[in-house]
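Residue numbers (the numbering used here), protein chains in the order written: chain Z, 1 to 269; chain P, 1 to 264.
Simulated from the structure, these hints should not be mistaken for lab results. Because the structure is a prediction, the values reported are computed rather than measured. For each residue, glycine too, the CB sits at the ideal point set by N, CA and C. Check before you lean on any hint, since a few could be wrong.
Claimed, not checked - Between beta-carbon pairs, the in silico distance windows are:
{"id": "1", "chain 1": "P", "residue 1": "Val101", "chain 2": "Z", "residue 2": "Ala34", "range": "42 to 52 Å"}
{"id": "2", "chain 1": "Z", "residue 1": "Lys71", "chain 2": "P", "residue 2": "Ile160", "range": "19 to 29 Å"}
{"id": "3", "chain 1": "Z", "residue 1": "Glu175", "chain 2": "P", "residue 2": "Ser154", "range": "30 to 40 Å"}
Next come the chains, spelled out residue by residue.
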Amino acid sequence: MTTSSGIAIDGVGMQFGGRQGVTALEGIDLNISAGEFVALVGPSGCGKSTLLRIVSGLLEPTSGCVDVGGKTPDEARRDIDFGFVFQQPALFPWLRVLGNVLLPDRVLGRRSPNRGPGSEHVARELLRDVGLEGFEDHYPGQVSGGMRQRVALARALSYDPKILLMDEPFGALDEFTRDRLNLQLLDVCKKAGSTVLFVTHSIQEAIFLADRVVMLSPRPGHVTRIAEVPFPRPRNLEVRYEPEFAALAGELRGLLVVEDEVELARKQL
Amino acid sequence: MSIIRERSRMVDVALRFLPSLAVFVVGLVAWEVWVNVRDVPAYLYPSASEVGSELLDEGPSLAADDLRWTMIEAILGFLLGSFAAVLAAIVFVHAKFIERVLFPWAIVLQTVPIVAVAPLLTIWFGFTLRPKVIIAALICFFPVLVNTTKGFRSISSQAIELMRILSATKWSIFWRLRVPSSLPYVFAGLKVASTLSVIGAIVAEFTGADRGIGFVIIQASYRLDTRLMFAGIALSSAAGVVFFNIIGALERLALRWPDARLEQ
Numbered sequence: 001m002t003t004s005s006g007i008a009i010d011g012v013g014m015q016f017g018g019r020q021g022v023t024a025l026e027g028i029d030l031n032i033s034a035g036e037f038v039a040l041v042g043p044s045g046c047g048k049s050t051l052l053r054i055v056s057g058l059l060e061p062t063s064g065c066v067d068v069g070g071k072t073p074d075e076a077r078r079d080i081d082f083g084f085v086f087q088q089p090a091l092f093p094w095l096r097v098l099g100n101v102l103l104p105d106r107v108l109g110r111r112s113p114n115r116g117p118g119s120e121h122v123a124r125e126l127l128r129d130v131g132l133e134g135f136e137d138h139y140p141g142q143v144s145g146g147m148r149q150r151v152a153l154a155r156a157l158s159y160d161p162k163i164l165l166m167d168e169p170f171g172a173l174d175e176f177t178r179d180r181l182n183l184q185l186l187d188v189c190k191k192a193g194s195t196v197l198f199v200t201h202s203i204q205e206a207i208f209l210a211d212r213v214v215m216l217s218p219r220p221g222h223v224t225r226i227a228e229v230p231f232p233r234p235r236n237l238e239v240r241y242e243p244e245f246a247a248l249a250g251e252l253r254g255l256l257v258v259e260d261e262v263e264l265a266r267k268q269l
Numbered sequence: 001m002s003i004i005r006e007r008s009r010m011v012d013v014a015l016r017f018l019p020s021l022a023v024f025v026v027g028l029v030a031w032e033v034w035v036n037v038r039d040v041p042a043y044l045y046p047s048a049s050e051v052g053s054e055l056l057d058e059g060p061s062l063a064a065d066d067l068r069w070t071m072i073e074a075i076l077g078f079l080l081g082s083f084a085a086v087l088a089a090i091v092f093v094h095a096k097f098i099e100r101v102l103f104p105w106a107i108v109l110q111t112v113p114i115v116a117v118a119p120l121l122t123i124w125f126g127f128t129l130r131p132k133v134i135i136a137a138l139i140c141f142f143p144v145l146v147n148t149t150k151g152f153r154s155i156s157s158q159a160i161e162l163m164r165i166l167s168a169t170k171w172s173i174f175w176r177l178r179v180p181s182s183l184p185y186v187f188a189g190l191k192v193a194s195t196l197s198v199i200g201a202i203v204a205e206f207t208g209a210d211r212g213i214g215f216v217i218i219q220a221s222y223r224l225d226t227r228l229m230f231a232g233i234a235l236s237s238a239a240g241v242v243f244f245n246i247i248g249a250l251e252r253l254a255l256r257w258p259d260a261r262l263e264q
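The shape of chain Z in the complex, shown without the other chains (with noise of 0.2 Å):
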């Protein structure tokens, strides 16, 4: 296991499209400790996977900084600190699932951090762990949207990365595929202890997961609330039909509420 590394997000703004263009985030503060599950919730158009690639060091921001355990985004990501799930699974399809899991492995050859035929076995048991056991041989247009979707975490952690970005993973699956992933989620990411950013829309599904979560508000996106999620773990599907998770999910609903009607308002003025 990886040490993990936290994540300091200090007056972060990102612009697109030069001097007129749109401003997507403006003055996020953020800080995650090494180890914590962060999740960003938002409507579409805040900025919040803007947020994960400016973390990650795919996009440089207009404004402010980030420090990734000592070192700029960019220097982390050269230093293989980060695993990605995008909001498709992007597998190679021309790879069979085993071989997807094995291409980080393969891409960074010298630096990765299981050398030769360990990396194999690390992959069929990070395989195990998400429940595709028996599928290493299927090629990803052989499988459901939602073991691609666990083929793309499989490949993540394959790596040991300090830090796992997460991009409405599971956005494009059904309620009930999403339950079952969100319960590996948590399994395999306690295994790995990494710090996790996870994107979401859903609301039910940041509080869930995370230690914490975040609310974003659109045009330009910027932080309305951070919350606590007061749950212990390990946590299993019951916890949401808890009292208190429901407050606390009508608490943040009622966030994006009062802001659609701010904008509203400015609107009718």
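Take the given structure of chain Z and dock chain P to it, following the hints.
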């Protein structure tokens, strides 16, 4: 068990090709009837059976000598043109500027009538192999270039982001991502090029050659030997079909993952 499965596979294949074969036979019969009923002069329009007997008489020697020669030209041109096209696509994908400068000229090259260029090349290079290979290569270049470039670009932004998260080199992105994802497009281009290459070689032979199926056809036309012309046309088109199917077989070998092959 395996014998039964093997046989049912053969039946499947036969059933798949039966309709096209039936169309072919109906066409032949209609041709035969039409020529006989309308009493068309044989030197203008030979009947199917006359062409058939010509093929039986002349076919083997034509295939062994002239058709073989034409196919050598076509295949060499196909290899040269496709190779150049793939190289150009690699350059285009990595240097947008070069693509902006050169791609319009690739289109110009494509719109130049190949029939008009062929005599020029024959003037320059004589009755040799070279002008035929060049014409075949020119005609193959464009479809392979367009398809391969499209293939190299057919990558999701998330796949690229994944490779960047893994801090992959350009080389690694090229071999592990761009090449495999372009292969279906490359093969689609190669299949088009395979049939075009035969046409290119024959057109080049029209303008100056001492052997080859194009040479045979043009010589036969001077003598109003329409039977030999038809036989030549049938042979060259059959060779094109075989070439196309060889590329198709290679495609099936190379693209084994589900839904890899693009529909033609």
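Hint-by-hint comparison with the structure:
1. Here the CB-CB span from Val101/P to Ala34/Z is close to 51 Å, well matched to the stated 42 to 52 Å.
2. Hint check: Lys71/Z to Ile160/P, Cβ distance near 23 Å, so the stated range 19 to 29 Å holds.
3. For the pair Glu175/Z and Ser154/P, the supplied restraint of 30 to 40 Å holds, since their beta-carbon distance comes to about 33 Å.
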